[in-house]
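Enquirer: In the order they appear, the protein sequences are chains A and B. Heads up: the first sequence begins at 377 in our numbering, then just goes up one per residue. Heads up: the second sequence begins at 2 in our numbering, then just goes up one per residue.
No lab work stands behind these hints: they were computed from the structure. These numbers come from a predicted model, not from an experiment. Heads up, a few of these hints could be off.
[To be verified] Cross-link-like lysine to aspartate or glutamate pairs, in silico, EDC-like; alpha carbons within 16 Å at most:
no.: 1; chain 1: B; residue 1: K309; chain 2: A; residue 2: E628
no.: 2; chain 1: B; residue 1: K323; chain 2: A; residue 2: E675
no.: 3; chain 1: B; residue 1: K309; chain 2: A; residue 2: E394
no.: 4; chain 1: B; residue 1: K323; chain 2: A; residue 2: E424
no.: 5; chain 1: A; residue 1: K586; chain 2: A; residue 2: E628
[Unchecked claim] Covered stretches of chain A, going by a simulated chain B footprint (3 or more residues, C-beta under 8 Å):
no.: 6; region: 669 to 677
no.: 7; region: 696 to 705
Built from N, CA and C at the ideal position, the CB exists for glycine as well.
Residues per chain, in single letters:
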Amino acid sequence: MGRYTRKLFSRRKIYDLERTNEIFVKAMRENAIFHFEHNADYKRILDEASFNPRDIQSMEDLFQLPFIPTLYYKHHEMFSMSLKRMPIKATSSGTSGMRSKIGMDIKSLWYGFKMVVRTFKYHKLWSLRPVTYIIFGYEPHKSNQAGIAKTANGFTFVAPSRKKVFAIKYTKDGYVVDLERVKQALIEADKKHRPVRTIGFPAYTYFLLKEMKSEGIRLKLHKKSKITIGGGWKQFYAEKVDKESFYALVKEVLGVKDTNCVEFFGAVEHPILYTDCRHHHFHIPVYSRVVIRDIDTLEPLPHGQMGLINLMTPMVKATPLLSVMTDDLGILHNEGCKCGEKSPWLEIIGRVGIKDITTCAAGAEKLLDL
Amino acid sequence: MILYQGEIFTDELQMKLIDQLKIDCYQTINHSEELNTMEVINACDILARKVKAGEYNDIILPLLTEFDIPYDYFIESIPMFEKDSLIKKCEIELGNNFEHLPDLDKDNRRKICPLGILFHIAAGNVDVLPAYSVIEGLLAGNINILKLPSGDRGMSVKLLSELINIEPKLKNYIYVFDVPSTETETLKIFADIADAIIVWGGDVAVKAARSMASVNTKIIEWGHKLSFAYATLDASEKDLKRLAGHIAMTNQVLCSSCQGIFVDSKNMDQVKSFAKKFFDILVEESKKHKLVSLGMRGKNTIEIYNAKLEQHETHQVIYDEKGMSVIVSDDHELELSMLFRNVWVKSLPREIIIEKIKPHKNHLQTASLLCNKEDVSELSDKLAKAGIIRVTKAGDMSRIIVGESHDGKYALREYSRIVELAKTT
Numbered sequence: 377m378g379r380y381t382r383k384l385f386s387r388r389k390i391y392d393l394e395r396t397n398e399i400f401v402k403a404m405r406e407n408a409i410f411h412f413e414h415n416a417d418y419k420r421i422l423d424e425a426s427f428n429p430r431d432i433q434s435m436e437d438l439f440q441l442p443f444i445p446t447l448y449y450k451h452h453e454m455f456s457m458s459l460k461r462m463p464i465k466a467t468s469s470g471t472s473g474m475r476s477k478i479g480m481d482i483k484s485l486w487y488g489f490k491m492v493v494r495t496f497k498y499h500k501l502w503s504l505r506p507v508t509y510i511i512f513g514y515e516p517h518k519s520n521q522a523g524i525a526k527t528a529n530g531f532t533f534v535a536p537s538r539k540k541v542f543a544i545k546y547t548k549d550g551y552v553v554d555l556e557r558v559k560q561a562l563i564e565a566d567k568k569h570r571p572v573r574t575i576g577f578p579a580y581t582y583f584l585l586k587e588m589k590s591e592g593i594r595l596k597l598h599k600k601s602k603i604t605i606g607g608g609w610k611q612f613y614a615e616k617v618d619k620e621s622f623y624a625l626v627k628e629v630l631g632v633k634d635t636n637c638v639e640f641f642g643a644v645e646h647p648i649l650y651t652d653c654r655h656h657h658f659h660i661p662v663y664s665r666v667v668i669r670d671i672d673t674l675e676p677l678p679h680g681q682m683g684l685i686n687l688m689t690p691m692v693k694a695t696p697l698l699s700v701m702t703d704d705l706g707i708l709h710n711e712g713c714k715c716g717e718k719s720p721w722l723e724i725i726g727r728v729g730i731k732d733i734t735t736c737a738a739g740a741e742k743l744l745d746l
Numbered sequence: 002m003i004l005y006q007g008e009i010f011t012d013e014l015q016m017k018l019i020d021q022l023k024i025d026c027y028q029t030i031n032h033s034e035e036l037n038t039m040e041v042i043n044a045c046d047i048l049a050r051k052v053k054a055g056e057y058n059d060i061i062l063p064l065l066t067e068f069d070i071p072y073d074y075f076i077e078s079i080p081m082f083e084k085d086s087l088i089k090k091c092e093i094e095l096g097n098n099f100e101h102l103p104d105l106d107k108d109n110r111r112k113i114c115p116l117g118i119l120f121h122i123a124a125g126n127v128d129v130l131p132a133y134s135v136i137e138g139l140l141a142g143n144i145n146i147l148k149l150p151s152g153d154r155g156m157s158v159k160l161l162s163e164l165i166n167i168e169p170k171l172k173n174y175i176y177v178f179d180v181p182s183t184e185t186e187t188l189k190i191f192a193d194i195a196d197a198i199i200v201w202g203g204d205v206a207v208k209a210a211r212s213m214a215s216v217n218t219k220i221i222e223w224g225h226k227l228s229f230a231y232a233t234l235d236a237s238e239k240d241l242k243r244l245a246g247h248i249a250m251t252n253q254v255l256c257s258s259c260q261g262i263f264v265d266s267k268n269m270d271q272v273k274s275f276a277k278k279f280f281d282i283l284v285e286e287s288k289k290h291k292l293v294s295l296g297m298r299g300k301n302t303i304e305i306y307n308a309k310l311e312q313h314e315t316h317q318v319i320y321d322e323k324g325m326s327v328i329v330s331d332d333h334e335l336e337l338s339m340l341f342r343n344v345w346v347k348s349l350p351r352e353i354i355i356e357k358i359k360p361h362k363n364h365l366q367t368a369s370l371l372c373n374k375e376d377v378s379e380l381s382d383k384l385a386k387a388g389i390i391r392v393t394k395a396g397d398m399s400r401i402i403v404g405e406s407h408d409g410k411y412a413l414r415e416y417s418r419i420v421e422l423a424k425t426t
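Make a model of the complete structure from these sequences and hints.
Expert: Structure follows, in structure tokens:
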């Protein structure tokens, strides 16, 4: 069991979709059968849709495989193996207070590790030179199980760390935002000519840079510095900042070129690492496939049309994450990219239903995830 | 952006101005002549006419589109700010002789005085709302400190500075700050200066206001509310259509919008066939209104799909199409719907209206009645006893009438006090 998944996660060319379609379908088939046989709730969902995972033969069949909305994981603990076999139980950052509970088995973690190693290698993110890490996120603490905190700290092993500075520190009174410290750390790294890597939500990075700009601070960070962001642009909807002006601000305040700005995208419910290319496109790696679905009918849409993002991967055995419906709207582009990769790329437009914050009906704050 | 005594400042000056705020407010109370209600009314009247004439359409129209507020609904609300309406409002809320109250007895006279200083914490749901709140404060003669809601597009500052331009006397009575809700220390300073905190918003905002107020600060809450329809099985097709039209027009986002329908029956088969009938009507009526935004339709399509995955546990009956739904549940709970043309239908025999609705207490607002004439009086009475503020006809749930109460209370009365003065003999 898991033979095709292992093969898929052993591929060296991480964006060679065409030549992995067959193996992807087979890996999905074996993953679907595994969950079907080990997870009663998942079996019920497939049975209700009269879908037999053994019938999966093609990509088209995968379009028919019932997907599970992220919302469903928030209400149901869907585990396909005993909890003892899961070294990690991650929760999503859950701004609405509801969190997905997702289990990860050792094999999935191993696949994930291989994926990260290959992806970072492709994107030239590994470095032996010690760097100052600025983490626009939570300092790890046992009270915080959020996936993003785990990822952010885990990421600090990509290059040797000289120093780690967390924007959100854990104090005896709980978590406290301390952007002043981050600012000082950036200025110090600039003076001492040390490479910096920043990691975290774009919004925090953006607000700090804006403040530094208004204070007239202009740095020229070491050319090996990288600004990495992840966790979504959700907080930006009110500010209406587009990525271009974000990169322009990074250049102006920190002196870091936009080709050294790297963005990641991923979700607890879909633990695949998407990394943008130098033209800032999220190409689809071999480990996953993306289906864009019509917002009214949920039918798959052709490339270039906007719809709901449905993400598929056979990576995980502990929880049936093989076809997940996100709350995001996006477009899958297949018109080629100047970076040379042929794999289609995903443009994320934003969360559904976040814009219309206009209600005074009681209880709606939670519902609209404000 | 800060509006302080008629001048606009950038946020950098916030701390400096806040340091001065209490002194300036007290100075106004100490030295300025009292704010005359008629002067406020005249200024509002001029402003309302300018709005109606389309002078601010360049900012207003995009906001209406963005917030999905129907243009007609907006236009309908403008006369609320015109002279006759405001005079009527003052007379209804404060009494016909609000400017010259009759004496209490031969030795004591009375007058209506403002509370003094109001601190308005506005909600972000409608952009004109913060300005409206301040205008109510002014009508009662108060000094107003307004905390803008996050995501304010400058509409409040624009309208209020126009008001000051029209009536310069108002400049000492209006202070607007753009302080985020997270800056509790600053908000506490405002709360300490103010005689009362006016809080608009959901339970979270109301709780926050309660926690920042000292015991001698009055809190006036305009919280979020829930509204619904109550139908008997013989509800007319015409009423069902009007209700469906109201749901499609308001997209269920207003406090007074219908979230769902309670049916006066114990029989679930009857409730289900009622729901199916209403669903068909909703789909038809919906066609007469603007499409729901893509994002909201997408959100609801996923939620309905999710509800179907959970049907084996919830035993819901779901009628749906393109992000629109009517969902029958077997409980009797009043709850928020998925909004944007998604309605729940539940059984609620009239005998248990009070038992099931009353626990929602302060969240209750409007109920529309879809029933025979003979039932109106009994059902209205039950709903009123259960805590409902307003019982309306099917399509009128969000109607605006000059002089109506706000969530069962009169704002101007809340913002005033009666002072009794012994006559000199």
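Enquirer: Hints first: check each against the structure and report whether it holds.
Expert: Verification of the hints:
no.: 1; hint: B:K309 / A:E628; in the structure: 50 Å, violated
no.: 2; hint: B:K323 / A:E675; in the structure: 12 Å, holds
no.: 3; hint: B:K309 / A:E394; in the structure: 35 Å, violated
no.: 4; hint: B:K323 / A:E424; in the structure: 21 Å, violated
no.: 5; hint: A:K586 / A:E628; in the structure: 10 Å, holds
no.: 6; hint: 669 to 677; in the structure: holds (count 4)
no.: 7; hint: 696 to 705; in the structure: holds (count 3)
Of the hints listed earlier, those the structure fails to meet are numbers 1, 3, 4, in rising order.
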